[in-house]
Amino acid sequence: MSAVTTSAAIARPALPAARRLAPLVILGLLALLPLATALGLPAHWLTLVTRAMIFAVAALSLDLILGVGGLVSFGHAAFIGIGAYGAGILITEGQTELLVALPAILLVCAAFAAVTGYVSLRTRGVAFIMITLAFGQMAFYFAQALSAYGGDDGLTLYEKSTLLGREIFANRTGFYYIALGTLAFCYWLARRLVASRFGRVLRAARENAVRVTVTGYDVDHVRLGAYVISGMMAGLSGFLLANQTDFVSPAFMSWQRSGELIFMVVLGGVGSLHGAIVGALAFLIAEDVLSAWTQNWKAIFGPLIVLFVLFTQGGIAGLMTKLRGRRDG
Amino acid sequence: MAEPALALKGLAKSFGALKVTDGVDLSIAPGELHALIGPNGAGKTTLVHQISGTLRPDSGAILFGGTDITHLPPQKRARAGLARTFQITSTIASLSALENVALGVQAHSAHPLSFFRDAARDEALNAPAWEALEAVGLTERAHAPAGSLSHGEKRALEIAMALTLKPKLILLDEPLAGVGHEEGERLIALLKSLKGRFAMLLVEHDMSAVFALADRVTVLVYGGVIASGEPAAVRADPAVRQAYLGEEV
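Those protein sequence lines, which keep their order, are chains A and B. Residues in the first sequence are numbered consecutively from 1, following our numbering. Residues in the second sequence are numbered consecutively from 1001, following our numbering.
Hints were generated in silico from the structure; no laboratory data involved. Treat the hints with care, since some could be wrong.
Facing chain B, a subset of chain A residues (Cβ under 8 Å, in silico) [claimed, not checked]:
no.	residue
1	ILE10
2	ALA17
3	LEU146
4	SER147
5	VAL201
6	ALA209
7	THR215
Ideal placement from N, C-alpha and C gives every residue a C-beta, glycine not left out.
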C-alpha cells in the first residue's frame, strides 16, 4: 500500500474473495456433453445444444445491455440477422473465408449499433423499447426486400464458412466445440468488461444515472459503447447460426425472436451473465422436448415461463443462489 | 483580490409564472464556507441544481473560478472540480462504499473508461478512495453495499465521493437533513475538519450547524437574496428576523 499516514489507523478490511463456481460448472458440463452422446445420448442432442449455445452468445450479449446496463432492447435479433445474412450473402457470392466474413460482419454490426444506438439512447424506458423495436423491424423488412438473396423465403446455403480453406464447421462435434469455445470466450469477455472501469460506470448508471453524471461521466457515451459491443457479440452468434442451419431468413430478426432473447435473459436471471447462458439452454431444450411431446407445446411452454418468472424472481441463477443460501443456513 | 471560487451574476429562473430564482448575485471566496438559508420553497435546491448544471437558468451567469460555466453540461462542471451532494442521499446502492468513492477517483483518472482490467482490485483507484473514506471515518464500512449504510453514513459517503473529484467547490444540499443528533454532530465535526481545503456552499435548515460552520451567510426568500454577510450581522438583520428566523434566534 502507498505511503498513507493517517492518525486514526483503522485497518483497511480486505476485499472478500468472489466465488464464481456456477459458470465453470456450466461450461464444464457442456464440455462433457459429447462424451454423453458417445455413451448413448441421442446424437441430435449435440445439434440442439450447439444451437442453444449459439443463442446463449446472443442472450449473453443482450444481458450486457439489459441486465448490466438496464437498457431493454427489443430489437436485438436484428444483430443476429445481420450476422446471419452477412455469412449467407458472402457464401452465396463464393466468399466462404471466415477471416473475411467475420471482420466484415462485426464491422457492419458495430456501425448499425452505433447509428441506431445513438438515436435510441436519446430516449428512456418504454420509448427506448419501442424505438429499438422499430429499428429491429426495419432490419426485418429490409431482409424481406432482399429479393436477390431469397427475400421472404430466405436463403439456402450450399456451403459453410471455412478457415484458411479448411472446413471447420463440417464436423458436428467440431462445430459443437467451436460454439462452446465462442461462448466461453464471450462469457470471459463480458465478465472482464463488467468488472472493468467501463463496466463499473455502466452498472452505476443503471442504478443512478444522475449521480454518475454529476460525478463526471457522459452516461450516454458509456451506454452507446456497451450497445455497440453487445451488437457485435450478437452478430457473431448470427454468423454461427447461419453456418449451423445452412439457411438464413428474415424470421431470424423478427420481433418474436427479440422477445425470446429477452425471455432467455429473464428466465436465467437478469444481469448475472451466466444466467443468460442457462436461460438460453433451458429455453431451447424445453422448446425441443415439449414440441416433440405435443403439437400444442406453446400452450404449456407459455404458462410454464410465467410461473417460473413469478416464483423464482432472479431467474434460474437467482434460484440457485437461494438454494445454496438455504443449504448454508 | 483572488478570483472567487464561485460567482453568480443576476441568475434568474422561472417555472411558469413562479420566479424560483430572482436575480441572485452571490460570491464565494476560495476556501470559504458559505451557508445558504431560507424558508421552505425559497428556491435553495433549485439554485444548487443550476450551479451543478442539472437545471438551466433563464438568464444570468455562473462563474466558476472566473470561467463562465453557465452553459457547460454537469459532467464537465464535475470534471472541472465542482462537486455536490444531494438533499436526498444519492449513492449507488449495490456498489460497496469503496467502489462508490472509487467511481469518483476513476472519473478524474487518465483512463476513466478502460476495458478489461479489474477495477475493484485497481490500486490506482483504491488508494485515493481509501484515503477519502478514512477522511470521513468510513474505513470499517468500506466493503458494505452503499444501500446498507445508515443515513448518516450515506451522507458521509457522499462527502467522500465529492472529495475524490479534487473539488474547488462542494455544494452541500442539506447534509444534516434526516440525520440523528449524534451522527449530525459527527458530520458537523467532519465539515469543520474539511473547512479551508476548498470552498463549500452549505444549504441547511439546522441553524446551530449554520452558525457553527459558516464564514458568511446568505438568506434567500422567494428566490431573491434579502441579506448576505457575516453570520452575526445576518442574525441581527431585522428583515431576516422578520422573514425567517423568527423570535427564537
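Going through the hints against the structure:
no. : hint   : result
1   : ILE10  : holds, 4 Å
2   : ALA17  : violated, 11 Å
3   : LEU146 : violated, 35 Å
4   : SER147 : violated, 41 Å
5   : VAL201 : holds, 6 Å
6   : ALA209 : violated, 10 Å
7   : THR215 : holds, 5 Å
Going through the hint list in order, the structure does not satisfy hints 2, 3, 4 and 6.
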